[in-house]
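Based on the sequences and whatever the hints tell you, model everything.
Numbering (the working numbering), first residue to last: 1 to 465.
To be clear, the hints were calculated from the coordinates, so they are not data collected in a lab.
Note that the coordinates shown come from a computational prediction; the quantities given were computed from them, not determined experimentally.
Keep in mind that a hint or two might mislead.
Okay, derived cross-link-like pairs now, SDA-like style, lysine to any residue, Cα gap no bigger than 20 Å in a straight line [as the list claims (entries may be wrong)]: (1) K222 <-> S254; (2) K222 <-> G25; (3) K283 <-> S254; (4) K264 <-> E178; (5) K264 <-> N174; (6) K399 <-> F310; (7) K167 <-> T204; (8) K222 <-> A320; (9) K409 <-> R229; (10) K222 <-> A202; (11) K33 <-> Q121.
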Amino acid sequence: LKNPKKFQRLGGRIPRGVLLVGPPGCGKTLLAKAIAGQADVPFFSISGSDFVEMFVGVGASRVRDLFKQAKENSPCIIFLDEVDAIGRKRGAGFAGGGHDEREQTLNAILVEMDGFDTNDQVIVIAATNRADILDHALTRPGRFDRQIFVPLPDLKGRVEILKVHAKKVKLGPNTSLERLARGTPMFSGADLAAIINEAALAATMTNKEHIEMDDLEEARDKVRWGRARKSRVIDQKEKEITAYHEAGHTLVQSLLEDADPLHKVSIIPRGPMGGATFALPEKDRTIFTKRYCMALLKVCFAGRIAEELFCDDVSSGAQADIQQATNIARQMVLTWGMSDELGLISYGPDLGIKDAVYMAPPEKEYSEKTAEAIDREVKRITGEAYTKARELIEANKDKLSNVAAALLKYETLDSDEVTLIMEGGILDKPTVTDLLAAEQAKSEQPKPDSGESQQPQAPQEQPAD
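Now the structure itself:
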């Protein structure tokens with residue numbers, strides 16, 4: 001846009017379309033605006049859903065008007081946000097006949113992008129998080145032939161994003177954005193902005209002069225897991241089960257060298273969970289070793305094992321752990337070639353290591369006999385991890401009991417406190433009972449009299465003698 005003749009000197013053609021692909025909240029729209037600002041050209045922005053109307057032909061007419069204005073103001077940039085709203089593969093929708101409003105709008109975009117002359121300095125930038133459903137005619141060379149993947153920020157990127165948003169707030173001297181960035185893997189830029197905002201609101205509600213580190217960590221937990229439900233009344237037996245469950249995760253997470261370092265553990269209900277154990281990865285992982293995967297499996301099963309050993313029963317609290325462990329084990333067997341029996345053969349797509357959420361199983365491309373072998377290997381791997389985790393817990397029962405007892409007293413422990421407790425130390429901080437008593441005493445303090453009763457009364461006149 002700044003110097004087109006330089007790129008046309010050898011007969012090259014300036015790209016007409018750029019497709020930004022990536023998860024929501026990663027800055028695709030912001031990147032397009034930054035490109036326009038850097039090039040110092042007009043910027044036309046519109047969402048894909050703005051083209052679709054009830055009346056047939058309105059969307060196509062808007063497309064023609066938009067491109068007409070762009071050509072009159074060239075050089076310029078047209079930004080189509082959420083282009084998948086109009087760029088879906090034709091013939092795959094409900095109408096299926098190729099004559100609905102959405103497909104006419106798509107056809108108009110295709111015609112307009114083909115109608116650019118070599119002298120038209122108009123670049124179309126589109127953004128989507130579903131590039132797989134776009135029509136091939138839209139993504140072919142000559143239209144959106146440049147596809148740029150905008151990923152979730154890595155550790156360095158998260159630090160820089162947090163610094164940008166932290167300029168708008170007052171941070172205390174003991175806050176560490178680097179530590180916060182380590183504890184936010186898989187967070188988008190929008191999530192990080194929400195953390196800073198939530199921390200500022202929390203510090204304001206407690207009348208603080210600046211944001212402290214505990215405000216940032218509470219905001220991070222709130223953005224990821226939901227608001228802490230401290231008002232929820234929990235049965236004592238259920239609370240004990242949760243404490244031993246999380247203590248099991250904590251013990252194994254702390255003792256395994258191949259696992260990520262422990263960050264903190266809490267039995268305060270948050271979202272759908274009764275408690276949670278948080279890790280603090282030292283770096284972002286792009287590959288997963290077999291040792292690391294086995295360590296994850298052991299940590300997943302540790303909560304259920306602790307329930308079996310200390311509560312004489314098991315609960316549904318391990319549901320998410322079992323789902324995550326099954327997902328990891330299946331990826332080890334199906335995709336990553338970590339099974340000696342099945343060998344180096346891929347049997348499905350790489351789904352990575354995600355949080356425990358339900359995902360529709362991919363279409364099978366193997367026989368029933370192979371499926372049985374896959375199930376046996378998944379069961380063998382999970383069984384091996386379960387056995388080793390149980391041996392580790394049985395050898396450190398006293399440490400687990402100490403952590404569980406401390407969780408019942410304090411509800412939340414950080415990694416240093418967990419280490420002190422497992423070594424037989426005693427924490428020097430108020431318990432949950434102490435905090436509740438102090439809060440109740442504060443609420444029961446007599447309130448000062450109202451302003452009217454404090455006003456001095458005028459002296460009454462004495463009757464004359």
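For the pair supplied as a hint, K167 and T204, is the alpha-carbon distance within the 20 Å limit?
17 Å, holds
Given the hinted pair K222 and A202, is their alpha-carbon gap at most 20 Å?
11 Å, holds
Under the criterion that the straight-line Cα-Cα distance not exceed 20 Å, is the pair K264, N174 satisfied?
Holds. K264 to N174 sits at ~18 Å (cutoff 20 Å).
Under the criterion that the straight-line Cα-Cα distance not exceed 20 Å, is the pair K222, G25 satisfied?
17 Å, holds
Take the C-alpha atoms of K33 and Q121, compute the straight-line distance between them, and say whether it is at most 20 Å.
Roughly 17 Å separates the two Cα atoms, so the pair holds.
Please verify whether K222 and S254 have alpha carbons no more than 20 Å apart.
24 Å, violated
Can the restraint linking K283 and S254 be considered satisfied, given a maximum Cα separation of 20 Å?
Distance of about 17 Å is within 20 Å: holds.
Please work out if K399 and F310 have their alpha carbons no farther apart than 20 Å.
Status holds; Cα separation ~13 Å.
Is K409 close enough to R229, meaning Cα to Cα at most 20 Å?
Holds, at about 17 Å.
K264 paired with E178 [C-alpha distance capped at 20 Å]:
17 Å, holds
Hinted pair K222 and A320, Cα distance within 20 Å
Distance of about 19 Å is within 20 Å: holds.
The structure fails to meet hint 1 from the earlier list, while all remaining hints are met.
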